[in-house]
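With the hints as your guide, set chain B onto chain A.
One-letter residues, chain by chain:
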Amino acid sequence: MNERVDQAGWRSLPIGGAILAPGNSALYETGSWRLKRPVVDMEKCTHCMLCWIFCPDSAVLVTRGRLQGFDLDHCKGCGICAKECPVRCISMVEEATVRERA
Amino acid sequence: MIASPSRLERKPALANQRLASLSGSLAVAEAMRQTNPDVVAAYPITPSTLMVEKFSEYVANRLVDTEFVAVESEHSAMSACVGASAAGGRAQTVTSSQGLAYMWEVLYVAAGLRLPIVLHCANRALSSPINIHCDHSDTMGARDSGWIQLYAENPQEAYDNALMAVRIAEHGDVLLPVLHTQDGFTVTHSLERVELLDDKTVAAFLGDYSPAHPVLDTRNPVTLGAIVMPDALFEMKRQNAEAMHNALRVIGEVGEEFGEISGRHYGLLEKHMVDDADLVVVVLGSTAGTARTIASQLRVAGMKVGVLRVRSFRPFPTQELAETLRGKAAVGVMDRAFSFGAAANPLFAEVMSALYLHGMNVPLINYVYGIGGRDATPGQLASVYRDLALAASAGSADPMVRYLGLRGP
Numbered sequence: 001m002n003e004r005v006d007q008a009g010w011r012s013l014p015i016g017g018a019i020l021a022p023g024n025s026a027l028y029e030t031g032s033w034r035l036k037r038p039v040v041d042m043e044k045c046t047h048c049m050l051c052w053i054f055c056p057d058s059a060v061l062v063t064r065g066r067l068q069g070f071d072l073d074h075c076k077g078c079g080i081c082a083k084e085c086p087v088r089c090i091s092m093v094e095e096a097t098v099r100e101r102a
Numbered sequence: 001m002i003a004s005p006s007r008l009e010r011k012p013a014l015a016n017q018r019l020a021s022l023s024g025s026l027a028v029a030e031a032m033r034q035t036n037p038d039v040v041a042a043y044p045i046t047p048s049t050l051m052v053e054k055f056s057e058y059v060a061n062r063l064v065d066t067e068f069v070a071v072e073s074e075h076s077a078m079s080a081c082v083g084a085s086a087a088g089g090r091a092q093t094v095t096s097s098q099g100l101a102y103m104w105e106v107l108y109v110a111a112g113l114r115l116p117i118v119l120h121c122a123n124r125a126l127s128s129p130i131n132i133h134c135d136h137s138d139t140m141g142a143r144d145s146g147w148i149q150l151y152a153e154n155p156q157e158a159y160d161n162a163l164m165a166v167r168i169a170e171h172g173d174v175l176l177p178v179l180h181t182q183d184g185f186t187v188t189h190s191l192e193r194v195e196l197l198d199d200k201t202v203a204a205f206l207g208d209y210s211p212a213h214p215v216l217d218t219r220n221p222v223t224l225g226a227i228v229m230p231d232a233l234f235e236m237k238r239q240n241a242e243a244m245h246n247a248l249r250v251i252g253e254v255g256e257e258f259g260e261i262s263g264r265h266y267g268l269l270e271k272h273m274v275d276d277a278d279l280v281v282v283v284l285g286s287t288a289g290t291a292r293t294i295a296s297q298l299r300v301a302g303m304k305v306g307v308l309r310v311r312s313f314r315p316f317p318t319q320e321l322a323e324t325l326r327g328k329a330a331v332g333v334m335d336r337a338f339s340f341g342a343a344a345n346p347l348f349a350e351v352m353s354a355l356y357l358h359g360m361n362v363p364l365i366n367y368v369y370g371i372g373g374r375d376a377t378p379g380q381l382a383s384v385y386r387d388l389a390l391a392a393s394a395g396s397a398d399p400m401v402r403y404l405g406l407r408g409p
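Same order as they appear, the protein sequences are chains A and B.
Per this note's numbering, the very first residue in the first sequence carries number 1; after that it's consecutive.
Per this note's numbering, the very first residue in the second sequence carries number 1; after that it's consecutive.
Derived from the structure by calculation, the hints contain no laboratory data.
Each hint should be verified, as a subset may be incorrect.
One side only, chain A facing chain B, incomplete, derived with CB under 8 Å [what the hints assert, rightly or not]:
no.: 1; residue: W10
no.: 2; residue: L13
no.: 3; residue: L20
Quick caveat, the model's predicted, so the values are computed rather than measured.
Glycine included, each C-beta is placed from N, C-alpha and C at the ideal position.
Excised from the complex, chain A in its bound form (with noise of 0.2 Å):
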């Protein structure tokens, strides 16, 4: 059903702007223009989920209930995730300086 409106011809996308099926964000990078992005300790880490329950964009990856680190394609930087982590283990780090290093 989805598919990427800067793909579609202006015959072919759904008129009015609408999205006809849920979820479509996940087709694209939203988290370009993120400022800061979340950095966890993974020694300190408890596991304690509050993160990926506060995150606004789902953006916290977890498996079978570990925290296994973000997904940079949409979080935006918002730093809710180190504002609420109990343990204090996520640190917001500039972007420009991670890219620097990259």
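Below, chain B without anything else, positioned relative to chain A:
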């Protein structure tokens, strides 16, 4: 607007109709009763008030099932219509002048979301200075909002347009909101002979509205109004242009179908003695009646004159208008609104473009008239035809823009 006696004496064309003496406002209220929209959200403003006042009486008396939302502003009225229409209902509103201006940003939302809302409008001058009488500055201000715009000449056509607007808006090749309008006071408050269809015929004509993607359909969830970035907004606006283009055909088709049930056939243009005319006046709304009367008198005097009334301003029937005016000696275009700073005023700009695009260099004169409810008199129309005769013999017209009924220094 001068009604000819023959029109008043005539019986309804078909047995499914009854005669009534109604103002344009009451005629539209009757059409709204027969349409029985799911939601009407409106805020009263002169001279459109009577439409919604009468309709709210129908709601109070349970003559309709409509959810009437007595909003606190026109911005809210149009917003409520957007919500109701997106939810899958038939939504309508009523307004004039400042009310239409106050709806402005939501007009674009309704058109962009492709919601077939119907707006019953009564033309009135925009402030400032404040004025409650008719000119077309209000609807011309909304001309690029993406709404279809139909202009009625008299109460009968206002009633007919109110019904046809629903079908045009909801047509699958269109899906655009429709504003249909009538001249404030001149039509809204003038009692005239109106032929009304019976409720059954109207119900069959309108049918049921089945929206493709109502947001209240929880089994098929859909998002409306999400942000669209530079990668797709262009394509979506191109779709709106196509829908408006399709409306040229659909307005004609619906007008023909309406003609079959009512005896009153409607096209994009109404031509009165135009075919063999040398001098033609192009006009919107009620002034066409006065122009026709004068044209008929001048015909008796031997002048080959005609009247071309534009019913659909958006979409504008560019090609048909140009073909109709081909070979004319001079054309006068009547604008009841200014487009300040433009080469010419709104209707004139359309006519001029149409003729240029079809390779025609006809002497043209733009008349601004009727501003703020200034009377458009028979004498003014006669002077227009006299001007046109001079322009025709000179082969040119200067000045191009002239003012009818304007006091000099």
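We went through each hint and held it up to the structure:
1. W10: holds (4 Å)
2. L13: holds (5 Å)
3. L20: Cβ of A:L20 sits 5 Å from chain B, so the hint holds.
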